[in-house]
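These are the residues of each chain, in order.
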Amino acid sequence: MFDTFPLWPARASTTAGSVDALYIFLVALAAFMSVSIFIMIVVFATRFRRRKGVQAEQIEGSTPLELTWTVIPLGIFMVIFVWGAVIYFRERTPPRGATEVYVVAKQWMWKLQHEEGQREINELHVPVGRDVKMIMTSQDVIHSFYVPAFRMKQDVLPGRYTTAWFRATRPGTYHLFCAEYCGTMHSGMIGQVVVMEPAQYEAWLGGGAAMGSLAANGESIFQQLGCSTCHRFDTQGRGPNLAGLFGKPVQLEDGRTVVADENYIRESILSPAAKIVSGFKPIMPVFQGLVSEEQLSALVAYIKSLNQPPAGAAATPSLLPGTKPQQPKVQ
Amino acid sequence: MATAAITADRTNYLNQEYGIKSWLLTTDHKRIALLYLLSITFFFFIGGFFALLIRLELLTPAGDLVQSDTYNKLFTMHGQVMVFFFLIPSIPAVLGNFLVPLMIGARDLAFPRINLLSWYLYIIAGVMMLHCILTGGVDTGWTFYTPFSTAFSNTKVIEAGLAIFVAGFSSILTGLNFVVTIHRMRAPGMTWSRLPLFIWAHYATSIIQLLGTPVLAVTLVLVVLERALHLGIFDPTRGGDPLLFQHLFWFYSHPAVYIMILPSMGVVSEIVPCFCRKRIFGYKFVAMSSIGIAVFGFLVWAHHMFVAGISLYSALIFSILSYMVAVPSAIKVFNWTATMYKGSISFATPMLYAFGFIGLFTMGGLTGLFLAALGIDVHVTDTYFVIAHFHYIMVGGAVMGYLGGMHFWWPKISGRMYPEFWGKLAAMIVFIGFNLTFFPQFVLGYLGMPRRYWQYPPEFQVLNVLSTAGSTILAVGYILPMVYFLWSMRYGKIAEENPWGASGLEWMTSSPPPTFNFDHTPEVTWEAYNYENIPAPEEVAVER
Amino acid sequence: MSDSPIAVEEHNPALRHHFADMEQQRQASSLGMWVFLATEVMFFGGMFCAYLIYRYWYYNEFAAGSRSLDIWLGTINTAVLICSSLTVALGVRAAQMGKRKLLVILLLLTIVFGLAFLGIKGVEWYTKFQEHHIPGSSFNVDDLIKEYPQIRIDPSHQQIFFSLYFAMTGLHALHMIIGVGIFAVLTFYAWKSLYTPEYHTPIELAGLYWHFVDIIWIYLFPLLYLIDRKPLK
Amino acid sequence: MSEHIVSSKLYLGIWITLLCLTVITAGVAFIDLGRLNTVVALVIATFKALLVVLFFMHVK
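Top to bottom, those sequences are chains Z, B, P and R. Offset between the first sequence (1-based) and the working numbering: plus 49. One point on numbering: in the working numbering, the residue at position 94 of the second sequence is 84, and numbering is uninterrupted. Offset between the third sequence (1-based) and the working numbering: plus 18. Offset between the fourth sequence (1-based) and the working numbering: plus 1.
What the hints contain is simulated information worked out from the structure, not anything from laboratory work. Everything numeric in this text was worked out from a predicted model, so none of it was measured. Just so you know, not all the hints are guaranteed correct.
What the hints assert, rightly or not - Simulated restraints on C-beta separations:
hint: 1; chain 1: Z; residue 1: Leu56; chain 2: B; residue 2: Phe39; range: 27 to 35 Å
hint: 2; chain 1: Z; residue 1: Phe329; chain 2: B; residue 2: Pro447; range: 51 to 59 Å
hint: 3; chain 1: B; residue 1: Leu107; chain 2: Z; residue 2: Pro55; range: 49 to 57 Å
hint: 4; chain 1: Z; residue 1: Val135; chain 2: P; residue 2: Trp75; range: 43 to 51 Å
hint: 5; chain 1: Z; residue 1: Phe87; chain 2: B; residue 2: Leu289; range: 28 to 36 Å
hint: 6; chain 1: R; residue 1: Leu51; chain 2: B; residue 2: Ser301; range: 55 to 63 Å
hint: 7; chain 1: B; residue 1: Leu289; chain 2: Z; residue 2: Ser85; range: 26 to 34 Å
hint: 8; chain 1: Z; residue 1: Asp303; chain 2: P; residue 2: Gly154; range: 28 to 36 Å
hint: 9; chain 1: R; residue 1: Leu43; chain 2: P; residue 2: Gly116; range: 37 to 45 Å
hint: 10; chain 1: P; residue 1: Glu41; chain 2: Z; residue 2: Asp303; range: 38 to 46 Å
hint: 11; chain 1: Z; residue 1: Ser277; chain 2: P; residue 2: Leu192; range: 51 to 59 Å
hint: 12; chain 1: B; residue 1: Arg103; chain 2: Z; residue 2: Ile121; range: 48 to 56 Å
hint: 13; chain 1: Z; residue 1: Leu56; chain 2: B; residue 2: Glu517; range: 48 to 56 Å
hint: 14; chain 1: Z; residue 1: Lys330; chain 2: B; residue 2: Leu120; range: 56 to 64 Å
Note that the Cβ used here is the ideal one computed from N, Cα and C, for glycine as well.
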């Protein structure tokens, strides 16, 4: 449309096109319905206005007509529902193998950490055409990661991870907003998503302070906090072996089986008593309050990196002597 | 005037007795309705004042009129005052209180003293809310989302929560009174299929008030307890779950929007047949769609939480249910429009408001379909698209219906006619001002401007300026009726028993009615809206 | 048109002016109370919903918390409340038969049972206070952790159980206090022989309210006290 | 509400039943029925509630 008065934000992600298609269909439907009712009212009001000696004709109603304008709207609504649900399904299931960005929302700023180790505040640099999965949590209140150009919004809750994904299709700089009211500077908690050509992205990546990848950072924290004393890789330590754990079902002590996703790892670090792996005793100390959100993200990234076979992983955990991690199971 | 001018000295509920005590201790449902009318108009103008300040602040991208904290309090107070102190009581407590006994041929509501208690609870809540506003206000948004409201806000959340807790009971008692009155105190012959649709709408509203409000009450109790005693029910750092609060809150707050719109639908279902001189089209369907809205209204609450972190599959369920609840509203709009076919339509002010209602409510309802579509909701929730949607329903629908009802029954309430010319002028101003205020916000919303923003990127400014301009026109449009209603109390033409030639028992007693409503309990032998044997008043359409 | 109120055939002093006859007034009052009880069900319903969700998530802490409650006092309290329900039911019957003295005695008995319930509940709360199980700054559950080593207890989740325990029993106790207050007023009126076999609606309504409060406790007792009393392996 | 006066023996009978059910529900809690414990507790509670509603609140 003419860009002096844009009617929708730039389409910069794969889902933006399909969301706009449904939007245009619905605008057309709404316009058609509003205009037709408007015209009917105007026509009836003029043709049947009060005139001397003309009595109104009492009409009781007609059930077939009522049924038609019950069933037809219902039918149209179901079509819209399915269409909307399909888009939502795609939006809510991140593709496997997407590059991950850990986001920590704090009252009135966004802190982002790339897998490669880059840390950013209120800025997110992503390459064009690559799936990016955001693993987000908040340190205080509920925020909401919203990029209008990607038609993507996901609330960021304290105490758990929420995920969202997108694949940018057009280079450029797009708005990043916080869409859930979070206090004084809610309107200041904004930033930019910079979509770059892959080459530019690699240059930007290289330029950043090379602090080693997030997983490597996670591994050092893993040592520092003494996790390795119980979670051994070679022998059967007092804690479960974490190699190849991510994404796999875990048999719990009280009979339930849960999938080891990010939330499971986070909960098992912060309050281990919640889910005890069968065959192990509940001796792990509580890390709630001892581990910052950034360290937690690093630990989760490190545990995930234990899935990759040692050769291919971006950071080969040096502590991985004998045991050969199995192929990561399809999540 | 054709009928003999009824001398004003005939005793009616207004001049039955005078003095403050006769008003403050009255148990007459008509006087309590007027007490409510005064108090909700007072709160309407407070909420409107906050709205104007918000719109003024949003004239410019930068936050330069008020501090950000003050802005946060402004939109919170605007929301809480408008929702809990104007929209929810407006039609049920004013027009409902006045008309429900009259329309079913009863002499008063079932529990008159509980009705007065309901007003006093409303006043106590109002005083608490005013005290909260004047001594600092609250900045959590009208939704009180935790953990911000319980752990991070240092404003008067407890006081605001208790004020709304008390206001909730006022709403429960009104609902209780209506349900028992409609069940037990109908005049002989007034069967359920002869009830005016205004009564059906209020019956459905009362069911929601009764079953929904207590859940909000207990949620607010938990928030207040958590804030006062540092419990951990909604605090994630102590094992609580903020989403549980959202579920409990929206379990009430979505049915609450039907508490706001159903009475207006009842008003329009009375106005349209009267000014078309015709029976309403498909009476049973319109009546049952009110009950349908009340029932389905309770099943759809989590469509406010599609991006809040609920699971994918529950989002699907709530999306499909939200489409189910849209069908009864569509039925009503089609039936009102069909009523006009082959009618004898005259254009008095109430009819203009009814036209406005049908138009704007249709647009509000249709944009609701956008929000129920999951794919689009992810993009537009928590943006100005949602703000425009619910203002189209609440301001375009509920307030238009309320004003239409006030004009339609003003002769019955005050015994005087409002000035027709000024009535039509105000209706036009409100319609134009409303559209100019809220239509640009749809575009703003889809462009991605989030709600509750004190400052916004510059590219959204043009649309915000349009919206602010519209809000000033809307403000003028709302002040006009208050002026000429007061004026008409003194100088308005004396209204006779049935100035519009409308059907309904309330038009068969004097205007204003005597304290006991009817001299002899009416016997109903005719069907609802029997306009074929009610003579149309000659002069209503032509008189200027 | 004269404004005399409509002539009513037999004018019982208690008949309110806007009702046609006593039967309509009684039915209206009774329906009004039942509708009010429906709102009370929704009022408690919100808390039961929170209880349900947290019990599913934090079953261990709920089980440990439930064990720490004194089952003897809980059972006795339930019995006390059922006795008060009996005295209220007999009271309503006495009002129907116009036996003033019996009605006053039964209402007094109901008040006594009500106060007994509140007393026992006060004792329970006090023991909780001594064991530092009241949520807030002084909350700690080391004694529970020692007492039930087999159950893994996370202190913050344990606090959720006790928050809900105190919120629900507190709300129920508040309703009991209101009920005892109402019965005190009714006893006074009954003593002044205000109630006759034709007009004793306030007694009936208070009875409905009291039975409702009893039903809430009938559900609260198993849900709070008997979550998991099985012998620990 | 109903005009006819309910015999006090019926009330006493209901009262005894309720007390017994209370003791039963407290006692059954100590027996390990696995998941059934909760179901039994709720069934007894609902049955007691029905007794109170039907007889004490004159619904029958």
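Enumerated hints in conflict with the structure, sorted upward
Per hint list: 4, 6, 10 violated.
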